[in-house]
Amino acid sequence: MTDAHPSRPDLPPASAIGAFGWLRRNLFSSPFNIALTGLASYLLYLTVPHVLHWALLDATWSGDSREACQANGGACWVFIRANFEQFMYGFYPEAQRWRVDTALLLLILGAAPLFVRTVPNKFKVRWGLGLLLVYPLVAFVLFKGDLFGLRAVDTSRWGGLLLTLVIAGVGMTAALPLGILLALGRRSQMPAIQTLCMTFIELWRGVPLITVLFMSSVMLPLFLPVGVNFDKLLRALIGVTLFQSAYMAEVVRGGLQAIPKGQFEAAAALGLGYWKTMALIVLPQALKLVIPGIVNTFIALFKDTSLVLIIGLFDLMNTVHNATTNPAWLGFSTEGYVFAAAVYWLFCFGMSRYSQNLEKRLHTGHKR
Amino acid sequence: MAEHTHTPVKPPFWNNPEIRAIAFQVIALAATVAFGYYLFENTQTNLRRLGIASGFDFLSSSSGFGILQSLIPYSETSSYGRVFWVALLNTLLVSALGIVLATLLGFIIGIARLSKNWLIAKLALAYIETFRNIPLLLQIFFWYFAVLRAVPSPRQSLSLGDVVFLNIRGLYLPAPQLQPGFGWVLTAFGLALVLVAILAHWSRRRQMETGQTFPALSASLALLLGLPLATFWLAGSPLVWQVPELRGFNFQGGLVIIPEMASLLLSLSIYTAAFIAEIVRAGIQAVSHGQTEASYSLGLNPTLTLRLIILPQALRVIIPPLTNQYLNLIKNSSLAAAIGYPDLVAAFAGTVLNQTGQAIECIAITMAVYLTISLLISLLMNAYNRRVALVER
Numbered sequence: 002m003t004d005a006h007p008s009r010p011d012l013p014p015a016s017a018i019g020a021f022g023w024l025r026r027n028l029f030s031s032p033f034n035i036a037l038t039g040l041a042s043y044l045l046y047l048t049v050p051h052v053l054h055w056a057l058l059d060a061t062w063s064g065d066s067r068e069a070c071q072a073n074g075g076a077c078w079v080f081i082r083a084n085f086e087q088f089m090y091g092f093y094p095e096a097q098r099w100r101v102d103t104a105l106l107l108l109i110l111g112a113a114p115l116f117v118r119t120v121p122n123k124f125k126v127r128w129g130l131g132l133l134l135v136y137p138l139v140a141f142v143l144f145k146g147d148l149f150g151l152r153a154v155d156t157s158r159w160g161g162l163l164l165t166l167v168i169a170g171v172g173m174t175a176a177l178p179l180g181i182l183l184a185l186g187r188r189s190q191m192p193a194i195q196t197l198c199m200t201f202i203e204l205w206r207g208v209p210l211i212t213v214l215f216m217s218s219v220m221l222p223l224f225l226p227v228g229v230n231f232d233k234l235l236r237a238l239i240g241v242t243l244f245q246s247a248y249m250a251e252v253v254r255g256g257l258q259a260i261p262k263g264q265f266e267a268a269a270a271l272g273l274g275y276w277k278t279m280a281l282i283v284l285p286q287a288l289k290l291v292i293p294g295i296v297n298t299f300i301a302l303f304k305d306t307s308l309v310l311i312i313g314l315f316d317l318m319n320t321v322h323n324a325t326t327n328p329a330w331l332g333f334s335t336e337g338y339v340f341a342a343a344v345y346w347l348f349c350f351g352m353s354r355y356s357q358n359l360e361k362r363l364h365t366g367h368k369r
Numbered sequence: 012m013a014e015h016t017h018t019p020v021k022p023p024f025w026n027n028p029e030i031r032a033i034a035f036q037v038i039a040l041a042a043t044v045a046f047g048y049y050l051f052e053n054t055q056t057n058l059r060r061l062g063i064a065s066g067f068d069f070l071s072s073s074s075g076f077g078i079l080q081s082l083i084p085y086s087e088t089s090s091y092g093r094v095f096w097v098a099l100l101n102t103l104l105v106s107a108l109g110i111v112l113a114t115l116l117g118f119i120i121g122i123a124r125l126s127k128n129w130l131i132a133k134l135a136l137a138y139i140e141t142f143r144n145i146p147l148l149l150q151i152f153f154w155y156f157a158v159l160r161a162v163p164s165p166r167q168s169l170s171l172g173d174v175v176f177l178n179i180r181g182l183y184l185p186a187p188q189l190q191p192g193f194g195w196v197l198t199a200f201g202l203a204l205v206l207v208a209i210l211a212h213w214s215r216r217r218q219m220e221t222g223q224t225f226p227a228l229s230a231s232l233a234l235l236l237g238l239p240l241a242t243f244w245l246a247g248s249p250l251v252w253q254v255p256e257l258r259g260f261n262f263q264g265g266l267v268i269i270p271e272m273a274s275l276l277l278s279l280s281i282y283t284a285a286f287i288a289e290i291v292r293a294g295i296q297a298v299s300h301g302q303t304e305a306s307y308s309l310g311l312n313p314t315l316t317l318r319l320i321i322l323p324q325a326l327r328v329i330i331p332p333l334t335n336q337y338l339n340l341i342k343n344s345s346l347a348a349a350i351g352y353p354d355l356v357a358a359f360a361g362t363v364l365n366q367t368g369q370a371i372e373c374i375a376i377t378m379a380v381y382l383t384i385s386l387l388i389s390l391l392m393n394a395y396n397r398r399v400a401l402v403e404r
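Protein sequences, first through last, are from chains A and B.
One point on numbering: in this note's numbering, the residue at position 165 of the first sequence is 166, and numbering is uninterrupted.
One point on numbering: in this note's numbering, the residue at position 330 of the second sequence is 341, and numbering is uninterrupted.
No lab work stands behind these hints: they were computed from the structure.
Since this is a predicted model, take the numbers as computed values, not measurements.
C-beta: ideal position from N, C-alpha, C; glycine also.
Any given hint could be a false lead.
[As the list claims (entries may be wrong)] In silico DSSO-like pairs for lysine-lysine, Cα to Cα no more than 27 angstroms straight-line:
no. : chain 1 : residue 1 : chain 2 : residue 2
1   : A       : LYS277    : B       : LYS21
2   : A       : LYS289    : A       : LYS125
3   : B       : LYS133    : A       : LYS361
4   : A       : LYS361    : B       : LYS127
5   : A       : LYS289    : A       : LYS123
6   : A       : LYS262    : A       : LYS277
7   : A       : LYS277    : A       : LYS123
8   : A       : LYS289    : A       : LYS361
9   : A       : LYS361    : A       : LYS123
[Stated by the list, open to error] Have a look at the derived ranges for each label pair, beta carbon to beta carbon:
no. : chain 1 : residue 1 : chain 2 : residue 2 : range
10  : A       : PHE21     : B       : ILE268    : 45 to 55 angstroms
11  : B       : GLN188    : A       : PHE21     : 54 to 64 angstroms
12  : B       : LEU82     : A       : LEU281    : 53 to 63 angstroms
13  : B       : GLY192    : A       : ASN327    : 53 to 63 angstroms
14  : B       : ASN57     : A       : LEU281    : 39 to 49 angstroms
15  : A       : ALA153    : B       : ALA394    : 56 to 66 angstroms
16  : A       : GLY272    : B       : GLU304    : 49 to 59 angstroms
17  : A       : PHE149    : B       : PRO163    : 50 to 60 angstroms
Let's have the full structure, built from the sequences with the hints guiding it.
Below you can see the structure in the form of structure tokens.
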């Protein structure tokens, strides 16, 4: 009773509430805890000032050549500034870059209604599906050109973040439906279909993506008839899509298995056929259950796009790597990689946060 | 009055679900076979056109190139088949070391994430969110090109107590050299293993019969460490450490970890540890708090509660996704190709393929190896799952 509040014995002691109480509970509750706090603070003391000095205080922000960075000891962000356009567009012709910007603007405008909560769901579904069908065509025409008087830009000149987003976007939109079909096939009653889907899934899941990309770059030309030649980008896209669709199939299968049998029986009792049962009853519930898994696969896909470097495509990763080996800018690889890491991190972290948000919003009841 | 007679109309045969199912399957199989045949035909034509003889004869011809790191004797005159084994061993080496390091780091960070200490928990969270959201390849490049390229040349090596050296050629460690008497130490270790097994069996039986517990864990540890150490001392310390020495332009002797291996190992462990940490956290959180309370009310102390109540239940949740991460790590080790660590993909599916042009054979062998490893581990996993699965009514 010694440290109780002198005038108000009904209040908790001053040491248990407020900032002081919080510190005591969370940082200094026991000798072991005090030691841990000390250790963590020491770790922070060792690293944080270094990083702050390097990245902010001693860094060079303005200038246009490496000479500007000689004076300061910190990071040379001039390197990023000088190469920024290249990191974003790769070798896309400068005069044509407005086309990429237009496509991005169209995407933002097109997708905006999907993120407004007051828009009715029915409209969102139709609009979303329409967008999914129309936008890739529009974007392709804008990027590739050779139509409507636009100058042709070969896919080998696409690069930087643009290429990363193209591969990730195509991979995601193609891998999800393919994965759903594969998952349905694997859960099918027909033994032949089931075996085919299972073999396909296990085959892709058992090998590293890099061997798949190797295969698509050295073996695909052998598989095709003489004279037929696929674009390098298309080959990478096929590899990435097939690979991720196998992972997607396993995620979706998890959701399908979680749907109680009664749902199938009720759908059959209502006279719905297989496809209607799946599309109207089972998949909406199953997909909602596995949103975290789907987004995890999307994030994995986004990170995996960096592997196209190995078959010589200039995505964000390769563009940055290439810039660090440029003789005019030697010695700034740390800055380059930190910048690329920040970009990838923003996208991946954003996706995971959005999925958590979506999960919470779609959680209609059933909360225990 | 005409009666309405309902003679059931037989539905046409194409509406019969069984016939439909058979038809679907026949079509699917036929399409698969046709597609496979189409690819096979094209490949045959292309190979003939390019003048490539298919087959595995190339495996016995001499390779003619050197390999940075090899665990078995290898020289430029060795065969391509030998390259395969060298490369496979390199893959397995980096995977095994990576799995050990990632598990250690992952468990520490996963437990730290649940710490009551706010600072520690937030640091662990920052670690997880940072490293799992950055592509592994980028991390490998960062360590290889930005960090390990920036270390000094051999003459200005960074050293730790003059026995460990770090320079641009790699990390030099003292190498253990076994002397004649070391066999006794190994024998003692084997003996200790047998004794531990007997001890565990005896203590379990005694507990079943009399209810008395025996500190089997500490006794086993004492046996496993004490017996070999005592033998080591008795046999006259039959082990010398060969310390690397600077001779001319580089270090001689000792154990060297090449920069390619170091950066691959570092990034693989750091990246995978972030995922393992989340798995460990989820596993521990999956055991409801009531279990701990029930255990305390039965009179078990915190250590026993952790060992007998929480861990067995948490491991049931942790182990399947953990194995998945191990598989991912093995597959991710193939990114070695990007920095030239001579693993299966870099040395075999890369260099050998380029030299011989046997694309189909090289890729097929490489994929088959990864597939075999995956399937083997999946089989083990399924067996384990069946053993630990909850037995319900």
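Quick one: are GLY192/B and ASN327/A within 53 to 63 angstroms, going by C-beta?
At 58 angstroms between Cβs, range holds.
Would you check the hint for LYS277/A and LYS123/A, treating anything up to 27 angstroms between C-alpha atoms as holding?
Holds - the C-alpha atoms of LYS123/A and LYS277/A are around 18 angstroms apart, at most 27 angstroms.
Does the beta carbon distance between PHE21/A and ILE268/B stay inside 45 to 55 angstroms, or does it fall outside?
holds (49 angstroms)
Please work out if LYS361/A and LYS123/A have their alpha carbons no farther apart than 27 angstroms.
holds (20 angstroms)
Going straight from one Cα to the other, do LYS277/A and LYS21/B come out at no more than 27 angstroms?
holds (24 angstroms)
Does LYS361/A lie within 27 angstroms of LYS133/B when you go C-alpha to C-alpha?
holds (23 angstroms)
Hint consistency between LYS289/A and LYS125/A [alpha-carbon to alpha-carbon, up to 27 angstroms]
holds (16 angstroms)
Is the hinted range of 54 to 64 angstroms satisfied by the C-beta distance from GLN188/B to PHE21/A?
holds (59 angstroms)
Go ahead and decide if the range 53 to 63 angstroms is satisfied by the Cβ distance of LEU82/B to LEU281/A.
holds (58 angstroms)
Within 50 to 60 angstroms or not, the Cβ separation of PHE149/A and PRO163/B?
Given range 50 to 60 angstroms: holds, Cβ gap about 58 angstroms.
Please test the hint of 56 to 66 angstroms on the beta carbon pair from ALA153/A and ALA394/B.
Holds: the Cβ-Cβ distance is about 57 angstroms, inside 56 to 66 angstroms.
With respect to the beta-carbon atoms only, verify the hint that ASN57/B and LEU281/A lie 39 to 49 angstroms apart.
holds (46 angstroms)
Checked against the numbered hints above, the structure violates none of them.
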